[in-house]
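As you go down the protein sequences, you meet chains A and B in turn. In our numbering, each number is its position in the first sequence, counted from 1, plus 4. In our numbering, each number is its position in the second sequence, counted from 1, plus 68.
Think of the hints as simulated: they come from the structure by calculation, not from any bench. Fair warning: there could be bad hints in the mix.
[Stated by the list, open to error] What the simulated footprint calls covered on chain B by chain A, stretch by stretch (three residues with Cβ under 8 Å from a Cβ of chain A suffice, anywhere in the stretch; the number is not a length):
1) 143-156
2) 173-186
3) 218-227
[Claimed, not checked] Pairwise CB distance ranges (calculated):
4) A:F190 to B:E135: 51 to 61 Å
5) A:A67 to B:S84: 55 to 65 Å
6) A:Y89 to B:R206: 28 to 38 Å
7) A:I178 to B:N254: 30 to 40 Å
8) A:L252 to B:R87: 44 to 54 Å
9) A:A67 to B:E135: 28 to 38 Å
10) B:H255 to A:D163: 26 to 36 Å
11) A:A67 to B:P128: 27 to 37 Å
12) A:L127 to B:R206: 54 to 64 Å
[To be verified] Some, not all, of what chain B presents toward chain A, calculated at C-beta under 8 Å:
13) S124
14) Y163
15) F165
16) D166
17) N240
18) M241
Every residue gets a Cβ at the ideal spot worked out from N, C-alpha and C, and that includes glycine.
Listed below, chain by chain, are the residues.
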Amino acid sequence: MPTEGLTWVPSSWPVIICLHQSPVKLEELESDVDTLSEASRQALYLLFTGDPALWTIIGISFAVSLRAVIFAAPAALVCAFLLAYIQFPGRRLAITLFNTALSIPAVVVGLTLYMLLSRVGPLGDLKLLFTQDAMVIGQMILCFPILVAMGHAALQATDRRLWETALTLGATPIRAFLTVIHETRFGLTAALVAGFGRIIAEVGSSMMVGGNILNHTRNIPTAIALETSRGSFAQGIALGLVLLLLSLALNLTLSSIQGKGEVIP
Amino acid sequence: MTEMTLDPWLTLWKLSFSRGDRIILRDISLSIRPGDLTLLTGHNGAGKTTLLRILSGLLPPDYAELEYHGSKHPYDRQSRSFLRRNTCYLHQQPYLFDATVFDNIAYGLRRRGLCKQDITERIKTALQATDLEYLAQRHSHQLSGGEQQRVAMVRAWILSPQLMLLDEPVANMDKPSRRKGLSLINHMRRDGIAVILSSHDPQHGELEITRHLHLYQGSMAIKEQQELAPNPGIVTVNHRFPSP
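All chains, please: the whole structure from these sequences, using the hints.
What follows is the structure in structure tokens.
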């Protein structure tokens with residue numbers, strides 16, 4: 005059947021290829037479908053020609069994961085700072101718990117959140133299940149321990165004189181905190197990148213609470229999972245390649261920001 | 069110094085500090101007047117740095133009372149805030165921010181809300197006065213140890229605090245830098261800033277020292293050298309030495 009050959013891409017793509025009169029011929033797709041290199045080439049072609057279906061999936065992936073990191077980062081930074089700079093009862097235990105939380109499987113977070121958000125769950129009234137907001141919440145829970153653990157490691161390595169110097173030069177504690185963050189920006193950016201890396205590629209939570217709904221909650225990892233379940237391994241890998249390329253672009257942007265900004269806030 | 073400056077700006081009463089079982093400072097009282105240049109000596113671990121950090125509001129003691137603005141206050145959050153606003157503590161190895169010398173010196177001025185032009189002019193004047201103008205746009209990582217120390221001194225001096233607390237400020241300097249550093253300290257004193265300078269080396273001939281405090285064997289003992297001081301400032305002398 006001709007349509008079977010089209011399962012190499014997430015379900016809406018072939019339709020859009022036809023509608024947009026893409027130069028990719030259906031016969032070509034069928035003939036090359038089994039080769040990884042060709043699938044990758046096709047995926048990259050769709051990527052760089054601005055294929056709407058692919059870019060919707062990419063857009064959902066990045067919108068959800070960036071929102072999750074941006075929402076989680078402020079509280080995580082404060083937690084990391086408190087763990088590194090303030091002595092309080094239970095501090096060692098808190099550090100151990102955050103380090104342990106690094107190992108939580110994404111699917112467990114997804115399942116727990118699913119139970120909370122489902123209609124019979126305690127948060128069912130919020131009607132968040134199978135929405136991007138639910139995916140954001142799940143990804144926030146997943147990246148928070150990474151941001152705290154890596155942020156704490158970066159801040160713990162800073163010199164205490166930094167904090168004291170800022171204070172003795174007249175900075176308020178909040179301003180001194182911002183100065184410490186600025187001075188530790190390389191380590192903290194690494195924490196953000198690691199946190200983002202963890203959630204942009206996670207399937208379990210997004211699949212459970214997002215539902216993999218096309219044009220709504222389907223992101224790159226859930227699309228890959230779908231392709232794999234259909235036996236289209238090469239296409240899954242091609243989508244993974246797209247994910248890697250876009251992550252590379254994001255990291256290049258971040259590293260260029262890291263190198264700038266000599267003025268102390 | 070005029071007679072007006074004889075009133076203590078700050079008096080510290082019954083300061084005690086211990087770390088675990090080890091008593092580091094016990095029952096110290098001293099007053100600080102504008103224009104005092106106090107040399108604080110003692111062996112390694114005698115508590116010099118601890119005393120300076122407590123006076124700067126960076127380290128809370130076990131117990132202390134402070135007298136300022138004409139009344140006594142416990143060493144609480146409010147007093148710490150008062151000390152931080154009015155003192156400047158310089159680490160033995162100062163921390164310079166990851167920025168240019170100019171931005172480092174501007175840090176404290178920016179916190180005081182000065183306008184850009186005012187900040188630039190003040191920094192220019194201060195760097196000229198200390199022969200450090202050539203370093204203005206140099207990144208802090210490119211400075212030698214002595215240069216870092218002098219830049220940090222200028223960064224503190226430009227804020228004109230009431231009390232300057234310098235922890236071994238000339239330890240990393242070669243002879244010419246040391247001379248310039250000591251000259252800057254004298255300059256601070258003449259500006260009416262009270263300076264307490266710690267050192268394990270009592271030989272600071274070029275400094276216009278007005279009194280000499282000595283901490284002994286990690287615990288508390290203050291030796292007064294009134295003959296040094298035109299206006300001696302120590303109000304309490306405590307010669308209790310720790311039992312071995």
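- Query: Tell me, which hint numbers fail for this structure?
  - Reply: Violated hints: 4, 9, 11, 17 and 18; rest satisfied.
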